[in-house]
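Peer 1: All chains should be built: construct the whole structure from the sequences, respecting the hints.
Chains as they are written, first to last, in numbering that gives the first Met the number 0: chain U, 0 to 164; chain D, 0 to 660; chain R, 0 to 100.
Calculated directly from the structure, the hints in this document are not laboratory data.
Glycine included, each C-beta is placed from N, C-alpha and C at the ideal position.
One or more hints might be untrue.
Pair by pair, the computed Cβ-Cβ distance ranges are [what the hints assert, rightly or not]: (1) U:Phe4 to R:Asn99: 46 to 54 angstroms; (2) D:Val658 to R:Asp91: 35 to 43 angstroms; (3) R:Trp53 to U:Ile140: 19 to 27 angstroms; (4) U:Arg107 to R:Trp53: 20 to 28 angstroms.
Once the Cα atoms are required to be at most 20 angstroms apart in a straight line, the calculated DMTMM-like pairs of lysine to aspartate or glutamate come out as [stated by the list, open to error]: (5) D:Lys583 to D:Asp319; (6) U:Lys161 to R:Glu72; (7) D:Lys462 to D:Glu375; (8) D:Lys467 to D:Glu375; (9) D:Lys608 to D:Glu621; (10) D:Lys462 to D:Glu475; (11) D:Lys175 to D:Glu375; (12) U:Lys79 to R:Asp94; (13) U:Lys79 to R:Asp93; (14) D:Lys583 to D:Asp377; (15) U:Lys79 to R:Asp91; (16) D:Lys467 to D:Asp377.
Which stretches of chain D does chain R cover? Using the computed rule of at least three CB atoms under 8 angstroms from a CB of chain R, they are [to be verified]: (17) 635–642; (18) 645–655.
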Amino acid sequence: MNGVFFWAFAVISVAGGLVTVTRRSPLTAALGLAVSLIAVAGLFAMLAAHLLFILQILVYAGAIVVLIIFVIMLINQQPKELDAMRLRGRRFIASAAICAAGCALTLRALRGLPDFPPQGLPPGFGTAADVGIVTFGAYLIPFEILGLILLVGILGAVVLAKREG
Amino acid sequence: MTSTGSLLWLIPLAPLVGAIVNGAIALATSHRERAVGRGIVGAIGCLAPSIAFVATVASFVQLRALPVDARSLTQHLFSWIAAGRLHVDAGLLFDPLSCAMLLFVTGIGALIHFYSLGYMAHERGVARYFAYLNLFTFAMVILVLGDGLLPMFVGWEGVGLCSYLLIGFWFTDEEKAIAGNKAFIVNRIGDFGFLLGIFLIFWSIVPSGRTGLTYREIAAAAAHGAFSPGLLTAACLLLFMGATGKSAQLPLYVWLPDAMAGPTPVSALIHAATMVTSGIYMVCRLSFLFVAAPVALTVVAIVGAATAFFAATIGLAQNDIKKILAYSTVSQLGYMFLGCGVGAFSAGMFHVVTHAFFKACLFLGAGSVIHALSGEQDIRRMGGLLKRIPVTGYTFLAAWLAIAGIVPFAGFFSKDEILWQAFSRPNEVLPWLPRVLWAVGFVTAGITALYMTRLIALVFLGKPRLTKEAENHLHESPASMTVPLIVLAAGSLVVGFLGVPDFLVRGGDRFGAWLVPVLASAAGGAAETAAPHGASLEWGLMLASLGIAIAGILAGLLLYVRFPEVPGRIAARAGGLYRAVVNKYWVDEAYRAVVIRPIQVGARAFLWKGIDVRGIDFIVNELGFASRMGSSVVRIAQTGAVQLYAAVLLIGVVVLLWVMR
Amino acid sequence: MAITLSHYVGLAVVLFFIGTLGVLSRRNALIVFMSIELQLNAVNLVFAAFARYWMRVDAHVIVFFVIAIAAVEAAVGLAILVGIFRARRTVDLDDMTVMNE
Chain U
0 MNGVFFWAFA VISVAGGLVT VTRRSPLTAA LGLAVSLIAV AGLFAMLAAH
50 LLFILQILVY AGAIVVLIIF VIMLINQQPK ELDAMRLRGR RFIASAAICA
100 AGCALTLRAL RGLPDFPPQG LPPGFGTAAD VGIVTFGAYL IPFEILGLIL
150 LVGILGAVVL AKREG
Chain D
0 MTSTGSLLWL IPLAPLVGAI VNGAIALATS HRERAVGRGI VGAIGCLAPS
50 IAFVATVASF VQLRALPVDA RSLTQHLFSW IAAGRLHVDA GLLFDPLSCA
100 MLLFVTGIGA LIHFYSLGYM AHERGVARYF AYLNLFTFAM VILVLGDGLL
150 PMFVGWEGVG LCSYLLIGFW FTDEEKAIAG NKAFIVNRIG DFGFLLGIFL
200 IFWSIVPSGR TGLTYREIAA AAAHGAFSPG LLTAACLLLF MGATGKSAQL
250 PLYVWLPDAM AGPTPVSALI HAATMVTSGI YMVCRLSFLF VAAPVALTVV
300 AIVGAATAFF AATIGLAQND IKKILAYSTV SQLGYMFLGC GVGAFSAGMF
350 HVVTHAFFKA CLFLGAGSVI HALSGEQDIR RMGGLLKRIP VTGYTFLAAW
400 LAIAGIVPFA GFFSKDEILW QAFSRPNEVL PWLPRVLWAV GFVTAGITAL
450 YMTRLIALVF LGKPRLTKEA ENHLHESPAS MTVPLIVLAA GSLVVGFLGV
500 PDFLVRGGDR FGAWLVPVLA SAAGGAAETA APHGASLEWG LMLASLGIAI
550 AGILAGLLLY VRFPEVPGRI AARAGGLYRA VVNKYWVDEA YRAVVIRPIQ
600 VGARAFLWKG IDVRGIDFIV NELGFASRMG SSVVRIAQTG AVQLYAAVLL
650 IGVVVLLWVM R
Chain R
0 MAITLSHYVG LAVVLFFIGT LGVLSRRNAL IVFMSIELQL NAVNLVFAAF
50 ARYWMRVDAH VIVFFVIAIA AVEAAVGLAI LVGIFRARRT VDLDDMTVMN
100 E
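Peer 2: This is the structure in structure tokens:
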């Protein structure tokens with residue numbers, strides 16, 4: 000059962016990624032990204048990361064991708080301009096070669112990773128409560144700093160987006 | 000063995016203090032047009048050497064009281080150098096030799112300081128003059144009183160420096176400044192040899208332990224056989240090279256005639272009586288070394304004799320009164336080296352002393368004549384001055400008789416002694432040499448008498464040939480100038496009696512006897528023993544010396560007083576020979592062509608253009624250019640395309656992964 | 000076949016390098032941006048897998064932080080992009096070589 004779901008989600012996420020990376024139209028690319036992110040959310044669910052599953056869908060695929068789509072529509076590039084920026088063959092092949100090499104070597108370096116351990120997970124693993132206990136326990140200060148970063152980000156975005164004058 | 004001299008430190012100290020005080024005054028008042036405090040400056044300037052002279056006399060008295068075999072006073076001043084095996088102390092040594100030297104250095108030096116008061120009365124920069132003069136006295140005292148080679152060298156360089164400063168005293172005149180340069184540079188060449196000689200001596204002594212290169216230590220080392228014969232000869236020759244520079248012998252005499260550009264008292268003090276005699280003093284000090292290196296000693300004798308003859312011939316044709324005296328000095332210094340070179344060191348030193356008196360008198364007299372004639376120095380525009388400036392004239396004549404070698408004046412005894420020693424002492428290197436040396440000296444004595452007679456004839460005798468302004472301002476010099484002249488003339492008369500040869504008066508050579516504990520004797524025979532040939536040979540040679548001197552004087556009087564048109568005809572007949580002599584055998588021109596121009600050309604064309612511009616500048620510029628080229632290549636990578644940077648980064652990671660697979 | 004840790008990590012590596020491919024080869028700045036999000040996503044997957052393996056939720060906290068930071072980065076980055084577009088009327092990365100030399 001596990002295997003079927005894993006491979007399904009895997010294929011979908013890879014396909015979505017490829018769509019993102021190769022399409023000329025940014026809108027199509029954004030949709031590909033969304034699909035890939037949702038597939039990974041599914042993988043999170045399989046890994047008993049319940050909170051992350053929700054967050055991935057709500058924040059990542061929901062807010063971030065939507066934000067990107069807003070910006071795409073704001074910039075509103077015409078087909079002529081998009082054409083000018085389409086993927087050039089030589090560059091693509093060169094990059095693909097480098098990435099393939101990197102991918103192969105990394106996979107090779109990572110061989111010998113073990114299986115999951117025999118006993119099961121404790122109940123309530125990966126739920127909001129479980130993650131919450133750790134977040135507000137050992138990682139309280141980073142959490143607060145994260146809040147500060149969000150504040151700075153908001154301010155920055157507002158300042159940058161203001162029109163001159 | 001030695002006693003501590005209580006006043007020795009005063010002898011160098013007084014002139015040093017005088018130099019410092021006058022120097023400070025000179026610096027402080029240099030911007031003023033009018034000379035300030037001439038009286039004070041002169042007073043300090045004359046007081047300093049006078050104090051030194053008094054201290055010297057007192058030390059002399061002290062020295063005489065000591066027994067002969069312990070006759071020296073020492074004083075240790077301070078520890079100077081302590082480096083490895085070289086431990087030099089600044090110390091003073093007052094023994095019969097340095098005593099004899101110092102008595103006339105400080106005595107005649109003081110007289111000349113007094114003379115300067117009158118001579119420089121109308122000059123600017125008097126404070127500077129007396130500061131330099133005192134500084135010179137200080138350096139000379141250190142040279143003589145130093146107890147080793149290194150203090151002597153300090154004094155040696157010091158007198159060279161002061162010579163430069165004083166020759167170029169009127170430095171605004173380019174010719175005079177160049178003359179000062181020439182003196183210093185030529186001296187330096189000689190000093191190079193001197194230093195090498197010191198190094199060789201040090202090298203020979205140092206294997207046996209620490210040394211301070213004092214005379215005592217060197218003598219002890221020599222006695223123990225520390226010096227190999229070849230090395231000793233080389234060292235002595237190198238030291239003598241320094242002496243040829245300082246004492247103006249062939250080939251480094253060329254600075255002395257040009258040095259007449261300085262004030263006449265300077266010429267009298269430095270280039271007649273004191274500095275130029277330091278070469279002879281050095282040879283006498285190290286007589287024990289030279290005696291052990293007969294080849295070097297023979298070279299000294301030959302150079303001395305050759306120089307004496309050479310310079311005398313040039314003196315025959317000169318027309319500047321000071322130049323004639325300058326060549327005369329070179330010639331007489333040759334006689335002193337001749338004396339030392341045959342092993343008669345006390346004879347050489349004796350001539351130093353007599354020469355100091357009569358040559359200083361001649362120079363100061365010349366200065367008086369120049370002063371009387373308002374600056375005229377050409378003897379062709381003088382004449383008949385004996386009646387007009389009698390004090391100058393008669394003192395000059397006294398010195399003239401001394402240098403010509405007429406009994407009983409001083410020069411007779413000292414010159415005759417040298418000639419006798421040259422004739423009678425055998426030479427183990429060149430057996431035929433003694434006769435030749437005597438012959439050269441004998442002929443030179445005649446020439447000396449001739450050119451000196453020519454000088455007094457053209458200056459003091461005959462019909463006056465003065466220019467109008469000289470005629471109008473003709474006056475005898477003030478007392479500050481004439482009194483020293485009288486003292487020196489008296490000295491020229493009397494000093495000779497210190498060294499009467501033994502065959503005339505038993506024990507008459509008091510000067511030689513005084514120096515016996517200090518000077519070595521050549522293997523050929525002691526200075527005091529009776530000659531193996533017997534007294535008759537001595538008598539014969541003495542009469543011959545006197546004869547040639549009288550012959551020279553007669554010839555001079557005939558040629559220049561009685562028949563004044565004859566010299567001109569002789570000159571025309573002699574043609575090329577006369578031209579050579581008048582042009583000083585073109586020695587300066589030869590040096591310029593052979594030494595100076597190649598160096599200048601080499602420096603400009605080779606060292607400057609070749610190495611500096613084409614070599615070093617080229618390398619530096621090319622390095623800069625290569626830098627710029629390299630950077631313009633590397634700059635290509637800075638495209639500003641961020642994706643390229645990322646790609647390169649990733650390639651690097653891939654490579655790393657590959658290496659670590 | 001049982002699904003092991005290696006499967007998840009391998010998948011993550013593949014996803015990461017797909018994203019890298021996009022970063023290196025695309026000229027449109029927006030698409031490069033989306034590729035960066037793919038890369039971050041892959042990293043999150045690795046963390047979640049290891050959390051499951053080690054049975055500790057600390058890695059989940061890290062993923063939480065990554066997502067939050069990605070959100071901020073999206074906001075600020077897109078704001079900059081819009082600003083550049085307003086000035087130059089283009090989002091072509093090949094035209095943006097002001098930092099050369």
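Peer 1: Is the Cα-Cα distance between U:Lys79 and R:Asp94 20 angstroms or less?
Peer 2: Holds, at about 16 angstroms.
Peer 1: Holds or violated: D:Lys583 with D:Asp319, Cα cutoff 20 angstroms?
Peer 2: Distance of about 13 angstroms is within 20 angstroms: holds.
Peer 1: If you check the beta carbons of R:Trp53 and U:Ile140, does the distance land in 19 to 27 angstroms?
Peer 2: Given range 19 to 27 angstroms: holds, Cβ gap about 23 angstroms.
Peer 1: Given the hint that D:Lys467 pairs with D:Asp377, test it: the Cα-Cα distance must not exceed 20 angstroms.
Peer 2: Between D:Lys467 and D:Asp377 the Cα gap is close to 14 angstroms, so the pair holds against 20 angstroms.
Peer 1: For the range 46 to 54 angstroms, tell me whether the beta carbons of U:Phe4 and R:Asn99 fit it or not.
Peer 2: 49 angstroms, holds
Peer 1: Mind checking the alpha carbons of D:Lys462 and D:Glu475 for me, to see if they're no more than 20 angstroms apart?
Peer 2: 19 angstroms, holds
Peer 1: Assess, step by step, whether the Cα of U:Lys161 is no farther than 20 angstroms from the Cα of R:Glu72, and give holds or violated.
Peer 2: Cα-Cα ~18 angstroms, so holds.
Peer 1: Quick check: does the Cβ-Cβ distance between U:Arg107 and R:Trp53 fall within 20 to 28 angstroms?
Peer 2: 23 angstroms, holds
Peer 1: Measuring from beta carbon to beta carbon, are D:Val658 and R:Asp91 in 35 to 43 angstroms?
Peer 2: For R:Asp91 against D:Val658, whose Cβ atoms are near 36 angstroms apart, the range 35 to 43 angstroms holds.
Peer 1: Verify the proposed pairing of D:Lys462 with D:Glu375, using a straight-line Cα cut of 20 angstroms.
Peer 2: OK: D:Lys462 and D:Glu375 at ~17 angstroms, within 20 angstroms.
Peer 1: Just to make sure I understand the rule, a stretch counts as covered if three or more of its residues have a C-beta closer than 8 angstroms to a C-beta of the chain. Does the segment 645–655 of chain D meet that for chain R?
Peer 2: holds (count 3)
Peer 1: Is the straight-line distance between the alpha-carbon of U:Lys79 and that of R:Asp93 20 angstroms or less?
Peer 2: 17 angstroms, holds
In the structure shown, no violation is registered for any of the earlier numbered hints.
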